[in-house]
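There are 2 protein chains.
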Amino acid sequence: MTSTIPATARTSPARALICRGCGAEYPLIAQHACYECFGPLEVGYDAAALARVTRAEIEAGPANIWRYAPLLPTGQDPSARVTLDPGLTPLVAAPRLGAEFGIDAPLWIKDDSANPTHSFKDRVVSVALTAARGLGFTRFACASTGNLANSVAAHAARAGVPSVVFIPADLESGKVVTTAVYGGELVAVDGSYDDVNRLCGELVETDEFEDTAFVNVNVRPYYAEGSKTLGYEVAEQLGWRIPEQVVIPMASGELLTKVDKAFTELVEIGLAEAPAGGWRVFGAQSAGCNPIATALHAGTDVITPVRPTGIAKSLNIGDPAAGAYALEAVRRTGGWMDFADDDEIRDAIRRLARTTGVFAETAGGVTVAVLAKLVASGRLDPARETVVYNTGEGLKTLDAVAGVVGPTHRVRPSLRAAREAGLLG
Amino acid sequence: MTSTIPATARTSPARALICRGCGAEYPLIAQHACYECFGPLEVGYDAAALARVTRAEIEAGPANIWRYAPLLPTGQDPSARVTLDPGLTPLVAAPRLGAEFGIDAPLWIKDDSANPTHSFKDRVVSVALTAARGLGFTRFACASTGNLANSVAAHAARAGVPSVVFIPADLESGKVVTTAVYGGELVAVDGSYDDVNRLCGELVETDEFEDTAFVNVNVRPYYAEGSKTLGYEVAEQLGWRIPEQVVIPMASGELLTKVDKAFTELVEIGLAEAPAGGWRVFGAQSAGCNPIATALHAGTDVITPVRPTGIAKSLNIGDPAAGAYALEAVRRTGGWMDFADDDEIRDAIRRLARTTGVFAETAGGVTVAVLAKLVASGRLDPARETVVYNTGEGLKTLDAVAGVVGPTHRVRPSLRAAREAGLLG
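Residue numbers (the UniProt record's numbering), protein chains in the order written: chain A, 1 to 425; chain B, 1 to 425.
No lab work stands behind these hints: they were computed from the structure.
Since this is a predicted model, take the numbers as computed values, not measurements.
Note that beta-carbon positions come from the ideal geometry of N, C-alpha and C, so glycine has one too.
Certain hints may be false.
Here are some of the chain B residues that sit facing chain A, going by a computed Cβ distance under 10 Å [to be verified]: (1) P90; (2) P116; (3) H118; (4) A153; (5) S173; (6) D190; (7) I269; (8) L271; (9) A274; (10) R351; (11) T356; (12) E393; (13) V405; (14) V411.
From the derived model, a few chain A residues whose C-beta atoms are all more than 12 Å from chain B [stated by the list, open to error]: (15) C22; (16) C37; (17) L171; (18) G174; (19) V177; (20) E202; (21) T206; (22) R241; (23) D301; (24) A321; (25) E328; (26) S377; (27) P382.
Here are a few chain B residues that face chain A, going by a calculated C-beta distance under 8 Å [said to hold, decoys possible]: (28) L84; (29) R158; (30) R198; (31) G357.
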């Protein structure tokens, strides 16, 4: 699998894979780490190609992530896409949530639960698998504990391509069902998520898996670029303006860095205006898995891995691959990071639902809870426009709030009973 | 609550409420049954106003149901809407599902699980509550066992309006959570869904509930019109063509009649082309609740109420209010109805997921299973273009398939174990 992106996608603005560590360059192949320094590879673009992209070209595109194909490494040819057509999810005004937190300026929720499998993972999987098919892979795979598994299995089903998804054997039944229903191979591994990941890292090197794209391993550089669309969309939805402040959940930390990269690109090529003082990027973790925020608070570059705990399972990456880059982006833009415990997460899920009608998964609760903390600590300016990213759907983590919400009244089916229960004033 | 639609929405094409039974006309007030004959009221339009609507006007509108505001009774003023902006959900090509059933012509899934609370109810609730606010109501309510409860509670939360939702006390915990999280009043009633409905019918007549719009009771005529958007969208997504065949799930039967009404309107006002031989409307029920299909099969107009059973709970209306009108539409267009049992529903959910990447709730399983039966019995022509409506999300009815899907392999986390399990060929 060493072919480059094929001629049918020749209008891709991608130029090379570039090592984030030493700057070494590689062709656009299936590779995720540098042979020189073992640093992670990232897609680099032809600046002239990006500079030719216009707002009109994007606005004339489809109502999904592919409107940004001129800024992505792959997917320029619609017939070659492997996709559920995610994206262009709602940017929801949240004035009553803002009021509860003392935020006067406009507050927005970017609600990515509206994607086809109800998480932002559909964005990265669509880009990864489109790249993978272009590179000649004929089977799709991932290691996951939930959202990514759903998305890969659904994408493979839509495309009619075989898939093999690896999960820890003790995963909740609901998450098993939402992947197994798509009919691909589903491998339950007796071990932790780290064990599953390690096994996938070994399998990807075998001859038998030479035909298989692991979305977050051998095609990871393309996968990661999909997250840029969460930056592009917010800017376009605000009328081609970058918001002054964004609050973003962190697992590997990659999403945060890619939203920042998207903003940087848009400003560089003249598609969007930066706010007068620049934008500030804020990161959110849970108290049960806060290695990046802890490093920031300690003023160090050294991220000490943790063994994750707590209800925000979709953010539970104890050894975050892009943590150092997230730290860099937050420090460079004058942002901050914080973390929230399980009770704060549950409370934030309810506040968000009550004030906006958006029912978020635990990761969204983390982000809203951290928003409140950032205002309280003075790190986030309540007089500046802020966008908060909700990356997933409450239906997938019902257990998180099942114990704390329920009926407000219980009555027999009669007017008298309703009156006695106080329903008639 | 007898005020008519206010002046701010004067561009509404709605003219009157008209009795479906005797044709008596009423102003656009909060009323759902005829004083003369007790027949159901339906919104009637000013034909000249509808005739002025153009494709360009619709195509320039927002990417949601409100692009069709010129054809709806309310919502012309964006600032007066009570809405989560549902609609413009994907029309997914399903060639591999078609091949499994021997369908050669194009087959499409209209996937309404993509709405904000993941069912088609967001469409009807947005129209009902926008009308309700225009009519002066200050509280929103419904009786429901699931999707409608979620949608009303979420809409009220977004709008910052109090809500009170009535549910049977023995409802599944998951459905309670997905309504309670939005923070409105949630009344658990010790009784069946019919008991809950009856109680709401009594409450709506009390002075204490004079300020309260029950979406499917006192503002039902407006509520029902929201379903027309599922017809408009399919026609627009097909390039302003009416499909030759549509298969639609039936609970009250109202959705089927409104899709047919939407097609009729579009052809009458010249916005869409009808197929050469007209369109044919097919209705789907479950074997556990099939009163409309049973009447059709028996060749009678008399719909005998049933006590619903089976897993397709969102379709379990034993005494369907619009059943007679559904029969009329199916007979007039040369369609048919059929029903599927629980095993067939489960199998259809899996087939749909495996071949399209769409994970449907049980109602979607009913519709796909009935599609297969209609082809097998020769009632539906496999050589004609067909659209199948999926009205809800598989995440809400996980239990339906939890027993029949699961991991395909189980291994220890080692290459050797993977090889022994056959994963390496």
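Each hint, compared with the structure:
Given hint, P90 (chain B) at the interface with chain A, holds; its Cβ is 7 Å from that chain's nearest Cβ, closer than 10 Å. Hint status for P116 (chain B) relative to chain A: holds, with the closest Cβ pair at about 7 Å, below 10 Å. Given hint, H118 (chain B) at the interface with chain A, holds; its Cβ is 7 Å from that chain's nearest Cβ, closer than 10 Å. For A153 (chain B), the interface hint holds, since its Cβ comes within 10 Å of a Cβ in chain A; the closest pair sits about 8 Å apart.
Annotation: S173 (chain B) was flagged as interfacial toward chain A, and the flag holds, the nearest CB pair being 6 Å apart, inside 10 Å. Proximity of D190 (chain B) to chain A holds as hinted, the smallest CB-CB distance being about 5 Å (cut-off 10 Å). Taking 10 Å as the C-beta cut-off, the interface hint given for I269 (chain B) is violated, the closest approach to chain A being about 25 Å. Below 10 Å, beta-carbon pairs count as interface contacts, and L271 (chain B) has none with chain A, the closest being about 21 Å; its hint is therefore violated.
A hinted interface residue such as A274 (chain B) counts as satisfied when its beta carbon comes closer than 10 Å to some beta carbon of chain A; here the least separation is about 27 Å, so the hint is violated. With 10 Å as the threshold, the beta carbon of R351 (chain B) comes within range of chain A, its nearest partner Cβ sitting at about 9 Å, so the hint holds. Checking T356 (chain B) against chain A by beta carbon gives a least distance of about 6 Å; that is within 10 Å, so the hint holds. Checking E393 (chain B) against chain A by beta carbon gives a least distance of about 7 Å; that is within 10 Å, so the hint holds.
Look at V405 (chain B): its Cβ gets to within about 4 Å of chain A, closer than 10 Å, so that hint holds up. Interface hint at V411 (chain B): satisfied, since its Cβ lies 6 Å from the closest Cβ of chain A, which is below the 10 Å cut-off. The Cβ of C22 (chain A) lies farther than 12 Å from every Cβ of chain B, with a closest approach of about 31 Å, so its non-interface assignment holds. The claim that C37 (chain A) is not at the interface with chain B holds, since no C-beta of that chain comes within 12 Å of its own (minimum 27 Å).
For L171 (chain A), the shortest C-beta to C-beta distance to chain B comes to about 9 Å, within the 12 Å cut-off, and the non-interface label is violated. At roughly 5 Å, the least C-beta separation between G174 (chain A) and chain B is not larger than 12 Å, which violates its mark as non-interface. A Cβ of chain B approaches the Cβ of V177 (chain A) within 12 Å, the least distance being about 5 Å, so the stated non-interface status is violated. With a minimum CB-CB distance of about 5 Å to chain B, E202 (chain A) fails to clear the 12 Å threshold, and the non-interface call is violated.
Chain B draws T206 (chain A) into its interface by the beta-carbon criterion, the shortest separation being 6 Å against a cut-off of 12 Å. Every C-beta of chain B lies more than 12 Å from that of R241 (chain A), the closest at about 20 Å, which supports listing it as non-interface. At roughly 31 Å from the closest C-beta of chain B, the C-beta of D301 (chain A) stays outside 12 Å, upholding its exclusion from the interface. Against chain B, the non-interface label of A321 (chain A) holds: every CB pair exceeds 12 Å, the least being about 20 Å.
Under the 12 Å C-beta cut-off, the non-interface status given to E328 (chain A) relative to chain B holds; the minimum distance is some 33 Å. With a cut of 12 Å on Cβ distances, S377 (chain A) stays outside the contact zone with chain B, its closest approach being about 26 Å. Under the 12 Å C-beta cut-off, the non-interface status given to P382 (chain A) relative to chain B holds; the minimum distance is some 20 Å. Because the closest C-beta pair between L84 (chain B) and chain A is about 6 Å apart, less than 8 Å, the hint holds.
Given the 8 Å rule on beta carbons, the hint for R158 (chain B) holds: about 3 Å separates it from the nearest Cβ of chain A. Against a cut-off of 8 Å between C-beta atoms, the interface hint on R198 (chain B) holds, since the closest Cβ of chain A lies about 7 Å away. Nearest Cβ of chain A to the Cβ of G357 (chain B): about 3 Å, under the 8 Å cut. The hint holds.
Going through the hint list in order, the structure does not satisfy hints 7, 8, 9, 17, 18, 19, 20 and 21.
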